[in-house]
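Undergrad: Chain B: place on chain A using the hints.
Residue numbers (the numbering used here), protein chains in the order written: chain A, 1 to 144; chain B, 1 to 179.
By construction, these hints were calculated from the structure, which means they are not laboratory data.
Every value quoted in this text rests on a predicted model; they were computed, and no experiment measured them.
The C-beta atom is built at its ideal place from N, Cα and C for all residues, glycine as well.
Where hints are given, some of them may not hold.
What the hints assert, rightly or not - Taking beta-carbon pairs under 7 angstroms as the criterion, some of the chain A residues facing chain B (in silico):
(1) Leu44
(2) Val45
(3) Leu58
(4) Glu65
(5) Phe90
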Amino acid sequence: MTRAAWFLASFLLASSAHAIDVERLDDPILQQRYEHLTHELRCLVCQNETIADSNATLAADLRRELREMLNAGKSDAEIRAFLTERYGDFVLYLPPVTPRTWLLWAAPALLLLGGMVVAALVILRRARTARANPAALEEEPENL
Amino acid sequence: MKQSLRFLVPAVLFAALVGFFVIGLQKDPSEIRSPLIGKSAPAFSLESLGDPALRVGTADLAGQPWLLNVWATWCGGCRQEHEALLEIAREGRVPIMGLDWRDERALALQWIAQLGNPYHSVAFDPEGRTAIDWGVYGAPETFLIGADGKVLHKQIGVMTPEIWRRDFLPLLSATGEGS
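Chain A with its partners taken away, still in its complex shape:
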């Protein structure tokens, strides 16, 4: 049983160590920025992959474009702007906060807030019931 688990776990390791992209930049700092950028840009052909992970021709073309821009001294912001001008915000795995995306960005906080409000209401109600009639507290689980 444990052996089978280890066997399966080894697949997890293998998948993350494997890379599609074999091209390298001479400058290690540029290479680092290159790896960072390719991991935050979406491949539009296979939409759930980054261009670093994708085997699609378009992803290879975009990686080439990225390397050329990095070698030409373009900043990360300029490179992102180049791609969003052509492909829209959808290429970014981290979309900017705009009127169309604020709800998306605010959703985790809003959900947390909503949960806290509900929890507070439930706790307050129970506290009130308990104060009015201490015996009711024991019956509560059945009422739910």
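TA: Below, chain B alone, put in the same frame as chain A:
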């Protein structure tokens, strides 16, 4: 809290969720609106497919509305839409420029010889650089460019006579046709 609210709140939330699904699931996630719409068409000047010594580019068709059709011989949808393109060419309202994307010249020439040529001219883009400038991510794609050089519309996927009449012709009438 009223007892009825206990059922009403989840019911309303569920209805809202269903509403999101009804709208969301009918959209095609592979169709991404082009940020180029309303902007100037990205200029290019590439080798002509038929003759490497000739240049084909956006300047050739400036001052009139035209179509840019991105195609390739490896693209199945392009074969499907070829008849529709021939029909649009026969209609003669707008010239169609082809952008042969990441293709082999010999195969592309053979394709045109066999299936017919709907194109005013075909630009050859074997490295896909011009395609990236136009935000192309899958062939076939067809752009409508107005007489003022602005991109008016982008069709992602196979062109059909229905799509041509429904999405392109009204825009074409609005922009005013060239000669």
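Undergrad: Each hint should be assessed against the structure and marked as holding or not.
TA: Now for the hints, and whether the structure bears them out:
1. Hint on leucine 44(A) holds. Least Cβ distance to chain B is approximately 4 angstroms, under the 7 angstroms limit.
2. Hint on valine 45(A) holds. Least Cβ distance to chain B is approximately 6 angstroms, under the 7 angstroms limit.
3. The closest approach between the C-beta of leucine 58(A) and any C-beta of chain B is roughly 6 angstroms, which is under the 7 angstroms cut-off, so the hint is satisfied.
4. At a threshold of 7 angstroms, the smallest CB-CB gap from glutamate 65(A) to chain B is about 6 angstroms, leaving the interface hint in force.
5. Against a cut-off of 7 angstroms between C-beta atoms, the interface hint on phenylalanine 90(A) holds, since the closest Cβ of chain B lies about 5 angstroms away.
Hint compliance for this structure: every hint is met.
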